[in-house]
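**Student:** All chains, please: the whole structure from these sequences, using the hints.
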Amino acid sequence: MAKAAAKTELQAPPEKLVQRRWGDAVFERTSLLTALSVFALLALTGYELAHGSRLALHKFGWRFLAGSEWNPVSEQLGALPFIFGTLVSSAIALLIAVPLSIATAVYLTELAPQWLRQPLTLFIELLAAVPSVILGLWGIYVMVPWLREHLFPLLKTTFGFLPLFQGPIYGVSMLAGGIIIAIMIVPIITSVSREILRSVPGLQREAAYALGATRWEVTRIAVLGYAKKGLFGAVILGLGRALGETMAVTMVIGNTPQIKASLFAPGYTLASVIANEFTEATTDVYLSALFEIGLVLLGVTILVNVAAQLLLKTFGGPGVKPQN
Amino acid sequence: MKTKSLLIPLVALSACFLGPDLADRASAQMLINGAGATFPYPIYSKWFDEYVKVDSSVRFNYQSIGSGGGQKQILAETVDFGASDGPMSDANLAKAPRRLLHIPTVAGADVLTYNLPGNPQLKVDGPTIVDIFMGKITKWNDPRLAQQNPGVKLPDDDIIVVHRSDGSGTTFIWVDYLSSVSKEWESKVGRGTSVNWPAGLGGKGNEGVAGQVKQLPGAVGYVELAYAVQNKLPCAHVKNSAGNYVAPTLDSITEALATAKIPEDFRFSMVNPPGDKAYPIAGCTWLLVYQEQKDAAKGKKLVEFLNWAIEKGESMAESLNYAPLPASVRQRVLERIKTIKY
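Chains as they are written, first to last, in the numbering used here: chain R, 49 to 372; chain Z, 333 to 674.
Derived from the structure by calculation, the hints contain no laboratory data.
Wrong hints could be hidden among the right ones.
Said to hold, decoys possible - Some chain Z residues close to chain R (C-beta under 10 Å, calculated; not the full set): (1) G400; (2) N424; (3) L432; (4) R496; (5) V507; (6) V521; (7) E539; (8) S660; (9) R662.
All values derive from a computational prediction rather than experimental measurement.
All C-beta atoms, glycine included, are put in the ideal place defined by N, C-alpha and C.
**Tutor:** Given below as structure tokens:
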């Protein structure tokens, strides 16, 4: 701006140019306003949640975060089991979804024959369009029975020495919740990863081939290495969705506020308890505590995202950044 | 207010499509807003549909946002009537700017459903149900279950308890009953639309509980009677306070209503009534209306509707699997409606 101002002093620009600059300024301000509205929205959401939860904040203080009892009748309310459930189910989801999505994206951009790419991409995007309540019902009637009859017993006999896979098998469980979230975030991570891999310059690949690299080496070093930062961004987008997933998770996670080492045990998430209990919460403190759960969810989401960004700064190299 | 502001453009829009003649009528139509309980939503929407034939000058808009929201909105007077599956607490009622009336409309019941090989007809008493839900009776062949069910082959399997995870009137009726038969339940768990369950898994909605019970061999859970009837789920017969094992039917619920002790303000719990044929796990649902109506025209229409609902509307209840109020209670409710001033 300073430079532009200096120039106008030297010589008045032709009228047409001034007009265009005025248009530019309007455009700049408008887009600045829309960009700021994102901050405003987040701040307002935070304010509203904090305002709604002031009764609970006052009554429980920091104990709310550490309390592991959730008793609406006696109004002993603590959020720890829900925070635990949200973090664990999202972690399971990422463990399953990330390798699956990135492998799919690599196949779609590097290996698949041309005629297959378009239809396959379409199917993945269709998966993203399945409403979560439908996925949840499918979870109750198809996925959970299958997990209970086949996968869980297999895990128990193979890895039963780990505390993660011990205890009674009900089907509905933390693991089932994680798996359903994984199914829901695969499309978004795949789509974004695919766009990122497509934007890796062809020269990268050609150069690697020229050095005598095999196809695997080209993909691993020239493509994935180059796109590392962008892929990480895709994973963060998926994580954001995983943390907030509600309906489908509620239907298969078992909705029991407890902290258990076993993934076969039922759990509960922050988003689920709000969806479950908000409509029938009649006392003020109880309702306020549900608002505070929302505030905690917002906090957890922000913290996880910040942590991920820091991780990226520390370990990420140069390369393609995510487009959206 | 939100619904109102949404409806105005809707009405205007429909006026454009329907032409001037109908548009006049649409704008002259009065809109009465209500919000609250989800459990009675099917019967209420049927009533509102039918009532248009009786009085076309008034239209009802009912949002089934849950009992908590219904109580909040009527207290804030953002709606003309509220609806709740549980009677309002003294603390909430004290917040009302004027006297708020509870108008009972229909009753429903909770049934104990289960998943056993061949699904035999089970009989249970209250204390047994309490101990199952406390996690104290953990096997199907427990002597207390076997003793009440001679001739039924009960397997040596674990009992898996399934309860509602979402706050609901169904849960309120269930824990109200458990509290009424067990002091221990009352002090350790208590009554509420959501409670801290000592045992079991949570399923979302009737369909979530029924789905899990159907899928899990050895599971037991509670669902609303209407849902159990529509989906042909096995339902246990429950021992009532007269000592009889009673099947959950609309008749046995109406019998429960007829023999329950109903106080003057209609805020009552009808679990464990003394009647011989009464099913013990039932509850009522209420409309919440101010005794002094601010808007005279609206108040008049609302009272007319309430009278119609209790006199004529009750007969539609059974087709939707709700138990209608018995004649004795209906008479008392009509008397109460007469006291509404506008």
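**Student:** Confirm or reject each hint.
**Tutor:** Against the structure, the hints come out as follows:
no. : hint : result
1   : G400 : holds (5 Å)
2   : N424 : holds (6 Å)
3   : L432 : violated (14 Å)
4   : R496 : holds (9 Å)
5   : V507 : holds (8 Å)
6   : V521 : holds (7 Å)
7   : E539 : holds (8 Å)
8   : S660 : violated (29 Å)
9   : R662 : violated (27 Å)
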